[in-house]
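Chain order of the listed sequences is A and B. For the first sequence, our numbering begins at 1 and goes up steadily by one. For the second sequence, our numbering begins at 307 and goes up steadily by one.
These aren't lab readings, by the way, just hints derived from the structure by calculation. Some hints here could point you the wrong way.
[What the hints assert, rightly or not] Facing chain B, from chain A, some residues (calculated, C-beta under 7 Å): (1) Trp81; (2) Tyr206; (3) Arg213; (4) Phe217; (5) Glu225; (6) Val259; (7) Arg263; (8) Thr304.
The beta carbon of each residue, even a glycine, is placed where N, CA and C say it ideally should be.
Protein chains: 2
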Amino acid sequence: MSLVVVGSVAYDGVETPHGKVDRMLGGAATYISLAASYFVPAKIVAVVGDDFAQEDFDLLASRHVDLEGLDRVPGGRTFFWQGVYSADMNDRATLRTDLNVFAGFNPTLPESYRQEPYLFLGNIQPSLQKSVRAQMPGLKLTGGDTMNYWIQDFRAQLLETIREWDFLLINDSEAGLLSGERNLRRAAAAILEMGPHTLVIKRGEYGAILFRRGMHFVAPGYLLESLIDPTGAGDSFAGGFVGYLAGRGIGAPLADADVAELRRAVIYGSVMGSFCCEKFGVDRFRTLRRDDIDARYQEFANCTTF
Amino acid sequence: MSLVVVGSVAYDGVETPHGKVDRMLGGAATYISLAASYFVPAKIVAVVGDDFAQEDFDLLASRHVDLEGLDRVPGGRTFFWQGVYSADMNDRATLRTDLNVFAGFNPTLPESYRQEPYLFLGNIQPSLQKSVRAQMPGLKLTGGDTMNYWIQDFRAQLLETIREWDFLLINDSEAGLLSGERNLRRAAAAILEMGPHTLVIKRGEYGAILFRRGMHFVAPGYLLESLIDPTGAGDSFAGGFVGYLAGRGIGAPLADADVAELRRAVIYGSVMGSFCCEKFGVDRFRTLRRDDIDARYQEFANCTTF
């Protein structure tokens, strides 16, 4: 049983107070797959150009990420994003976005992906997210991400799309935009009427909150000794969250015990997001071991128990 | 065994997105005493003018706050502060500060206060905080608050003062200023070398973190249904924190079980801060019962357990 991950595979140019990297592997689907791969086999659906480097294929393959759905367009170039972070790394400015082959991304799933029970839809156009879901008739758990652009300019499409999801992962400002409510509790209640039975609101360094009707669970942010590069932290959170659930076989309909697993999934998401920030880009995943993950999960338990 | 609370008793004029109050009871010592009074008898040390209203004495007395140390200056006027909050209530601008009788505040403790074992020093000039501590020879636990002004312009005095404290409560930007470190973990480590064995860093709506050497504990902010007025929330946190510890008889030297009590004290602090925000000024304390506090403490447990 595998997790299908749809989204961007990209090259990023990133500057943080700790340094500057002109070109490194990035993209939501990359981070999600790498983070999820510690918990469950991941199958990627994305598109790259023929500039995509062998060493980057190799990194994904080394984490046993299935690349059959990674479409390589001859003569095309891979999505490139360049940005610079503020001094406290809570904000970033985009300097350049070259969609390249990503502009024509219209995901068709390989036959070998279609019967899988788990699907995570990274931040792409809502109608594409919807079309992917329609290609998978045996889903037990579907969720995904979106962003302010789709919420504001593709609202009807987005609402039609997330109506079919089990869970939605967004950040606090997106939750405000989607719900029209500034108060987080009321924003969550409004979003839980839109389809998903489970909502995770990410709050960057302050952690994340899981909402379901009549309950919520608050996970703190991990206190990093040093935050090097936050690029991909939200996607790594997503990978840890959905990867853990898929690895544990959690799917609709959820029993009470499964709801307890959702809480643990938020912690595993936080763990993976925190590791991601410790090095530039995906570098932390080159050396990260499952033992490290479980040790940090235990740290979360230690620092929240009273 | 009582808790002595030193600080301002004031009148505030406050405007938030939920309304405007021209003049209401306020001041750090007021909030700290009211919040602490649910856990331990509190004895206030402060100064007011003869404009201080009987109904405000009565409110404090109704919570059994000892007012022997509340000095009333004939012909003087009570400290007045006026401010306006931003739309999200995370920032506020001061419109007016009339120190009035507070300008001459030089606290001398009544005899009946001097043998008490618990002391909380609200945010006043560090040398005054030090002189109060010197008047209490039987202290088991001393802590307090400060602010950016004292950290920047009275640094030597402040360092001499907090060297004698068991705990320090400050917010995240003050922790950065005091330590010279932007990273919270490193800031905390630096401050724990300055004297206090326990540090609580308040993060507003995001909760608070307790630090001791080699450990930390993260408490989330309470997700309020509606935030009406954050004035006094940090002081109410302080009152809940130190009030709980005093009520449980916790004092130096701390045993391991006492360290577990420190975690619970942070949660009680968060509970009291959250209630404070539900109405303007001290209004929530007019009706708050101990049952409400324990129910919310349980809510914190429910939303953080995994």
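We went through each hint and held it up to the structure:
Because the beta carbon of Trp81 (chain A) sits about 26 Å from the nearest beta carbon in chain B, more than 7 Å, this interface hint is broken. Among the interface hints, the one on Tyr206 (chain A) holds; its C-beta lies about 4 Å from the nearest C-beta in chain B, closer than the 7 Å criterion. The restraint placing Arg213 (chain A) at the interface with chain B is violated, with a minimum CB-CB distance near 14 Å, outside the 7 Å limit. For Phe217 (chain A), the interface hint holds, since its Cβ comes within 7 Å of a Cβ in chain B; the closest pair sits about 6 Å apart.
A distance limit of 7 Å between C-beta atoms decides the matter here; for Glu225 (chain A) the minimum to chain B is near 6 Å, and the interface restraint holds. The interface hint given for Val259 (chain A) is violated, since its Cβ lies 11 Å from the closest Cβ of chain B, which is over the 7 Å cut-off. Because the closest C-beta pair between Arg263 (chain A) and chain B is about 4 Å apart, less than 7 Å, the hint holds. Given the 7 Å rule on beta carbons, the hint for Thr304 (chain A) holds: about 5 Å separates it from the nearest Cβ of chain B.
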